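Q: Chains A, B and C, in that order, give the protein sequences. Heads up, the first sequence is in the working numbering, so the first residue is 13 and it goes up one at a time. Heads up, the second sequence is in the working numbering, so the first residue is 6 and it goes up one at a time. Heads up, the third sequence is in the working numbering, so the first residue is 158 and it goes up one at a time.
Keep in mind the hints are simulated off the structure, nothing from the lab. Because the structure is a prediction, the values reported are computed rather than measured. Every residue gets a Cβ at the ideal spot worked out from N, C-alpha and C, and that includes glycine. Some clues are possibly wrong.
To be verified - Straight-line alpha carbon distances no greater than 25 Å define the calculated DMTMM-like cross-link-like pairs of lysine to aspartate or glutamate that follow:
| no. | chain 1 | residue 1 | chain 2 | residue 2 |
| --- | --- | --- | --- | --- |
| 1 | C | Lys177 | A | Asp491 |
| 2 | C | Lys263 | C | Glu240 |
| 3 | A | Lys328 | C | Glu168 |
Unchecked claim - Quick look at which bits of chain B chain A covers, simulated, 3 or more residues with Cβ under 8 Å:
| no. | segment |
| --- | --- |
| 4 | 35 to 45 |
| 5 | 51 to 57 |
| 6 | 67 to 73 |
| 7 | 163 to 175 |
| 8 | 203 to 210 |
| 9 | 235 to 244 |
To be verified - With the C-beta cut set under 10 Å, the calculated list includes, among others, these residues of chain B facing chain A:
| no. | residue |
| --- | --- |
| 10 | Gly21 |
| 11 | Arg23 |
| 12 | Cys62 |
| 13 | Arg78 |
| 14 | His107 |
| 15 | Glu109 |
| 16 | Cys197 |
| 17 | Ala213 |
| 18 | Ala215 |
| 19 | Glu216 |
| 20 | Arg247 |
| 21 | Arg248 |
These are the residues of each chain, in order.
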Amino acid sequence: MNPSGIPTSVDGEPILFPRGSHDIRPRAEVFLKDETLQGAVREATTLKDRARRDALRQAFGADVAQIRTLAGAIKQHTIDHLDHYLEQWIDQAEAAGTKVHMAITAQEANRIVVEIARDEGARLCVKSKSMVTEETHLVPELEAAGIETVETDLGEFIIQIDHDAPSHIVMPMIHKDRSSVARAFERVLGARYTEEPEELTLIARNHLRQKYRQADLGVSGGNFLVADSGSLVICTNEGNGRFCTSAPKIHIAVVGIEKLIPGFADLSVLLHLLARSGTGQPLTCYTQILTGPKQPHELDGPEQMHVVLVDAGRTKILADPEFRSALRCIRCGACLNACPVYRKATGHAYGSVYSGPIGAVITPLLAGIDKNPTLPEASSLCGACHEACPVDIDLPGLLVGLRRKIRKRRGSWMERIALVLLGLAFSRVVSYRIASKLQRFFLRCIAGASDRVHSAPGPFSGWTRDRDLSLPARHSFRDRWARKGGRIR
Amino acid sequence: MRAENLGFGFFEEAAGLRVLLFIPCLVDQFAPRSGEATALLLEHLGCEVVYPVDQTCCGQAHRNSGDSETARRLVLRMAKIFAGEDPIVTPSGSCAAMIRRHAEELFQGEDQVPDLVKSLVQRTQELIEFIENGLGLAPDEIVGTPGAAPDRVAWHPSCHLRELDRFEASGRFLDSVPGLKVARLRQEEQCCGFGGTFASKFGSISGALAEDRCSALVETEAPVLICNDTGCSMNIEGRLSRRGSPIPVMHISEWFCQALGLSYDEQEVDR
Amino acid sequence: MKGASREIFLERVRNALGRKERSEPPQFSSDHNIIRRPISTSGDGLSGRIALFSDRAREVGMSVEHCERAQVAQFLSDWISAEEISTVLLSDDPLLDSDLRKHLGKQGIEICTNDVDLDSLYDQVECGITVATAGVASTGSLVLVSSDHELRLASLVPPRHLVLVSATQLVEDLLDLSGPGGVLESQGGTIPSSVTLVTGPSKTADIEGVLVTGVHGPGTVQIVLVTD
Chain A
13 MNPSGIPTSV
23 DGEPILFPRG
33 SHDIRPRAEV
43 FLKDETLQGA
53 VREATTLKDR
63 ARRDALRQAF
73 GADVAQIRTL
83 AGAIKQHTID
93 HLDHYLEQWI
103 DQAEAAGTKV
113 HMAITAQEAN
123 RIVVEIARDE
133 GARLCVKSKS
143 MVTEETHLVP
153 ELEAAGIETV
163 ETDLGEFIIQ
173 IDHDAPSHIV
183 MPMIHKDRSS
193 VARAFERVLG
203 ARYTEEPEEL
213 TLIARNHLRQ
223 KYRQADLGVS
233 GGNFLVADSG
243 SLVICTNEGN
253 GRFCTSAPKI
263 HIAVVGIEKL
273 IPGFADLSVL
283 LHLLARSGTG
293 QPLTCYTQIL
303 TGPKQPHELD
313 GPEQMHVVLV
323 DAGRTKILAD
333 PEFRSALRCI
343 RCGACLNACP
353 VYRKATGHAY
363 GSVYSGPIGA
373 VITPLLAGID
383 KNPTLPEASS
393 LCGACHEACP
403 VDIDLPGLLV
413 GLRRKIRKRR
423 GSWMERIALV
433 LLGLAFSRVV
443 SYRIASKLQR
453 FFLRCIAGAS
463 DRVHSAPGPF
473 SGWTRDRDLS
483 LPARHSFRDR
493 WARKGGRIR
Chain B
6 MRAENLGFGF
16 FEEAAGLRVL
26 LFIPCLVDQF
36 APRSGEATAL
46 LLEHLGCEVV
56 YPVDQTCCGQ
66 AHRNSGDSET
76 ARRLVLRMAK
86 IFAGEDPIVT
96 PSGSCAAMIR
106 RHAEELFQGE
116 DQVPDLVKSL
126 VQRTQELIEF
136 IENGLGLAPD
146 EIVGTPGAAP
156 DRVAWHPSCH
166 LRELDRFEAS
176 GRFLDSVPGL
186 KVARLRQEEQ
196 CCGFGGTFAS
206 KFGSISGALA
216 EDRCSALVET
226 EAPVLICNDT
236 GCSMNIEGRL
246 SRRGSPIPVM
256 HISEWFCQAL
266 GLSYDEQEVD
276 R
Chain C
158 MKGASREIFL
168 ERVRNALGRK
178 ERSEPPQFSS
188 DHNIIRRPIS
198 TSGDGLSGRI
208 ALFSDRAREV
218 GMSVEHCERA
228 QVAQFLSDWI
238 SAEEISTVLL
248 SDDPLLDSDL
258 RKHLGKQGIE
268 ICTNDVDLDS
278 LYDQVECGIT
288 VATAGVASTG
298 SLVLVSSDHE
308 LRLASLVPPR
318 HLVLVSATQL
328 VEDLLDLSGP
338 GGVLESQGGT
348 IPSSVTLVTG
358 PSKTADIEGV
368 LVTGVHGPGT
378 VQIVLVTD
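Given only the sequences and the hints, what does the whole structure look like? Please build it.
A: Laid out in structure tokens, this is it:
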């Protein structure tokens with residue numbers, strides 16, 4: 013437990029970034045029992061999922077599908093030619109005065125940021141939301157280097173001071189209620205206890221404004237990198253992103269290489285989809301298009317702009333044509349909001365910075381299947397995520413592809429045998445009949461005197477925990493049809 | 006199988022159109038009544054229904070588990086058994102989706118998909134889809150006897166209808182059946198939690214989703230649930246049974262048979 | 158430049174894509190104009206853009222008033238006194254001319270200019286008054302651009318933001334920002350270091366989904382659409 017009473021581990025493993033192999037199930041069990049959490053997550057995700065559908069339909073009517081296909085094609089084209097666009101972006105960005113650094117690993121990314129900060133003698137850093145810096149654990153590195161680092165996105169700020177972890181890509185504190193915020197502000201900021209969201213926000217605002225004024229370094233992420241102009245695009249709602257990139261004299265952006273897009277026309281398409289997909293807004297309140305540091309004639313802005321391009325396993329995904337499309341992701345959060353498994357298990361159950369369907373795909377791809385073998389299996393393949401994705405990523409298809417990998421590498425012998433036997437059963441009518449007789453016999457046995465199964469053993473116990481199982485019919489359809497003399501061939 | 010036609014409509018254009026009946030393994034084993042009702046309905050609508058006896062499975066379970074070699078074998082087997090030009094009709098949306106959306110990708114590269122499989126993919130349709138698109142019929146052209154079937158039902162759209170672009174269309178079809186009031190479930194877009202082996206492997210998450218579905222159903226106070234995927238039905242029925250809410254679940258074909266006075270064997274288990 | 162060398166970094170990407178050397182990608186041919194929505198227009202479309210912009214901007218929580226150019230000074234000073242604002246920051250723009258300063262001076266409003274010190278900016282200025290370079294009708298967005306006559310912080314730090322935009326500067330869609338004459342058109346010269354699209358007051362719903370405005374940026378945005 014941390015100071016605010018939040019469980020920080022399950023089964024001895026840290027909730028986020030478990031050290032050993034991670035199984036989503038025990039964590040999901042913990043969170044399924046938390047009724048307040050379930051209610052909060054259900055409401056937030058359902059609301060945003062509906063808002064997405066309504067906003068897209070209202071804006072684009074029957075053209076939604078076509079526009080999503082276009083957006084997907086733009087991203088796919090870009091990553092299929094990422095070498096070209098990346099190089100073009102670097103050339104253009106440098107021409108505009110941006111200092112471009114390249115990090116192959118997560119550690120390297122952190123090291124670069126810390127070095128820049130040290131070189132410039134930075135003491136206080138204000139940071140806006142960036143998923144990739146959560147991936148690399150940048151903040152602890154900056155703090156270890158003696159640079160006070162303050163998260164300024166309200167949700168991330170609260171999570172930072174409460175020693176918690178984000179549970180959603182776009183709504184990081186979807187799992188926290190107002191009383192936990194009130195307690196945290198009282199404890200850490202010495203604020204008067206209040207549970208009113210407006211008052212709590214004001215407390216945070218006042219506290220953070222002091223930081224903006226004093227900060228000598230601003231760190232941000234990036235939503236898009238526009239190749240033909242060398243620009244960085246940041247989409248936010250609160251305004252903290254603008255502060256972090258405009259108030260301090262140095263701005264460092266840390267951005268994954270998959271954020272590239274060719275030009276501003278492409279940006280327009282993606283912007284029209286990003287906020288609508290994530291929250292139902294036409295655009296986020298602020299869309300910043302940053303191209304280089306403050307120019308000599310401009311009145312204010314950072315004197316230095318650095319961009320750290322991060323690989324950290326993305327080239328590994330790029331190299332596999334089957335999974336490359338996962339790099340289209342623009343981190344809108346729509347798939348999380350649509351996913352029934354996310355809604356029940358909730359974000360922290362995924363043991364990773366990225367949760368929901370996209371998390372279930374890229375976490376094993378980035379961190380290794382052996383560490384996350386259950387994530388691709390934890391899906392009913394309902395397809396809601398694919399339908400929600402603004403860049404048309406076939407997430408269920410990618411999950412099945414990962415299941416194929418898992419089966420080859422580490423399928424359990426029991427499962428292998430079951431699949432082989434099932435395959436045999438389906439190969440001929442004769443073996444099918446035998447298998448169905450065996451199934452009927454087995455189920456009748458475990459049903460006992462009842463007309464349904466109340467408790468199944470072994471791997472099937474997961475079903476009968478909360479459900480009964482009906483018995484097979486005495487006569488299969490095949491038998492009925494034969495008995496009634498139906499036409500066959 | 007002769008249909009006892011007590012309904013008001015009959016369909017000369019469809020007369021004699023031969024369809025091949027594709028009965029999923031779960032229907033064959035656990036809900037043969039819905040297979041029978043499907044065949045009856047198709048015959049009533051004027052089709053000549055033929056059941057290829059060697060069929061077993063479309064390969065969905067193996068494909069979803071990552072065993073694409075076996076899935077490919079099973080798809081090829083099915084393609085041979087269903088070879089020809091006749092439309093293939095199945096009562097299950099998930100099996101139709103497996104064939105239409107996932108069969109070809111099992112064969113590496115577009116040029117390596119055997120013609121037999123391409124033909125299979127082109128001809129396979131889910132029942133309601135076939136009635137609307139294949140036969141070109143609107144619900145008000147299939148008129149039954151008022152009161153013969155429940156006039157108020159709840160509707161469970163199964164997730165795989167998304168892959169067939171039939172999620173909304175199937176609901177609309179049902180909404181336009183004359184004399185039928187359709188109660189929509191709260192959060193109908195949220196999966197019921199079946200997902201094949203997912204239901205057992207991730208039992209607590211699956212069970213929680215099944216409970217959501219059941220409590221939404223109970224809220225509607227509808228006397229019956231229309232559910233066209235046997236996996237979903239078994240899942241929902243299983244939860245309804247455990248929580249003590251014995252609301253019957255039926256396939257749309259069964260509703261139509263009841264409305265049209267076509268009798269079929271409703272019993273499943275002989276005890 | 159820190160970290161990996163450019164050659165090594167790009168080579169990793171090239172290798173992943175199975176390429177030996179840099180190559181031009183095939184032309185990506187697709188009509189992005191599918192995202193444009195028809196605007197009911199007459200004549201040159203200006204009235205359509207004005208109407209759409211006003212609707213969209215209001216939908217996202219900004220206030221919109223229309224005002225003729227000749228009335229701007231009077232309008233602004235009336236608004237400022239009605240809102241009981243006593244200190245403003247004025248950008249350096251022809252629309253915010255000496256006429257306006259005279260009006261405000263008469264009412265005893267304190268006027269800060271671009272050389273305002275940080276303490277006054279953060280602690281005293283109640284409203285930043287700026288001029289947008291353009292507006293986007295389909296999203297209801299204002300386009301604010303870094304320049305030698307406007308501070309980036311002017312539209313960010315003060316709790317209220319009043320922003321003027323000429324109706325003739327309204328474009329139909331985001332696509333037009335990078336079209337001929339657009340602020341993002343990169344032919345002939347560099348684009349400004351910061352181009353910000355403002356589409357609503359600062360907001361969050363992080364705490365239990367309850368909407369709160371004015372988190373870091375301005376909580377109120379008053380748009381004055383200037384017509385000739």
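Q: For every hint, state whether the structure bears it out.
A: Verification of the supplied hints:
1. Distance restraint check for Lys177 of chain C and Asp491 of chain A: the Cα-Cα separation of roughly 62 Å exceeds the 25 Å cut-off, and the hinted pair is therefore not satisfied.
2. For the given pair, Lys263 of chain C sits about 16 Å from Glu240 of chain C by alpha-carbon distance, which is consistent with the 25 Å threshold.
3. Taking the CA atoms of Lys328 of chain A and Glu168 of chain C, the gap is near 13 Å; set against the 25 Å cutoff, the hint holds.
4. By the rule of at least three residues with a Cβ nearer than 8 Å to a Cβ of chain A, the coverage given for the segment 35 to 45 of chain B holds, with 7 such residues.
5. Counting residues of the segment 51 to 57 of chain B whose C-beta lies closer than 8 Å to any C-beta of chain A gives 5; at least three are required, and the coverage claim holds.
6. For the segment 67 to 73 of chain B, the proposed coverage by chain A is satisfied: 7 residues have a C-beta within less than 8 Å of a C-beta in that chain, meeting the threshold of three.
7. For the segment 163 to 175 of chain B, the assignment as covered by chain A holds, since 4 residues bring a beta-carbon within under 8 Å of that chain's beta-carbons and 3 suffice.
8. Given a C-beta distance limit of less than 8 Å, the hint that chain A covers the segment 203 to 210 of chain B holds, as 8 residues qualify and 3 suffice.
9. Residues of the segment 235 to 244 of chain B lying with their CB closer than 8 Å to a CB of chain A number 5, which satisfies the three-residue condition for coverage.
10. The closest approach between the C-beta of Gly21 of chain B and any C-beta of chain A is roughly 12 Å, which is over the 10 Å cut-off, so the hint fails.
11. For the restraint placing Arg23 of chain B at the interface with chain A, the shortest Cβ-Cβ distance is roughly 9 Å, inside the 10 Å limit, so the hint holds.
12. Hint status for Cys62 of chain B relative to chain A: holds, with the closest Cβ pair at about 4 Å, below 10 Å.
13. Interface restraint check for Arg78 of chain B: the shortest CB-CB distance to chain A comes to about 7 Å, inside 10 Å, so the restraint holds.
14. Interface restraint check: His107 of chain B against chain A, minimum CB-CB distance 8 Å, threshold 10 Å, status holds.
15. With its C-beta approaching chain A no nearer than about 12 Å, Glu109 of chain B sits outside the 10 Å limit, and its interface hint is violated.
16. Interface restraint check for Cys197 of chain B: the shortest CB-CB distance to chain A comes to about 8 Å, inside 10 Å, so the restraint holds.
17. The restraint placing Ala213 of chain B at the interface with chain A holds, with a minimum CB-CB distance near 5 Å, inside the 10 Å limit.
18. Restraint check, Ala215 of chain B versus chain A: the minimum CB separation of about 6 Å is within 10 Å; hint holds.
19. Because the smallest distance between the Cβ of Glu216 of chain B and any Cβ of chain A comes to about 7 Å, under 10 Å, the interface hint for this residue holds.
20. For Arg247 of chain B, the interface hint holds, the least distance from its beta-carbon to any beta-carbon of chain A being 5 Å, beneath 10 Å.
21. For Arg248 of chain B, the shortest C-beta to C-beta distance to chain A is roughly 9 Å, which falls under 10 Å, so the interface hint holds.
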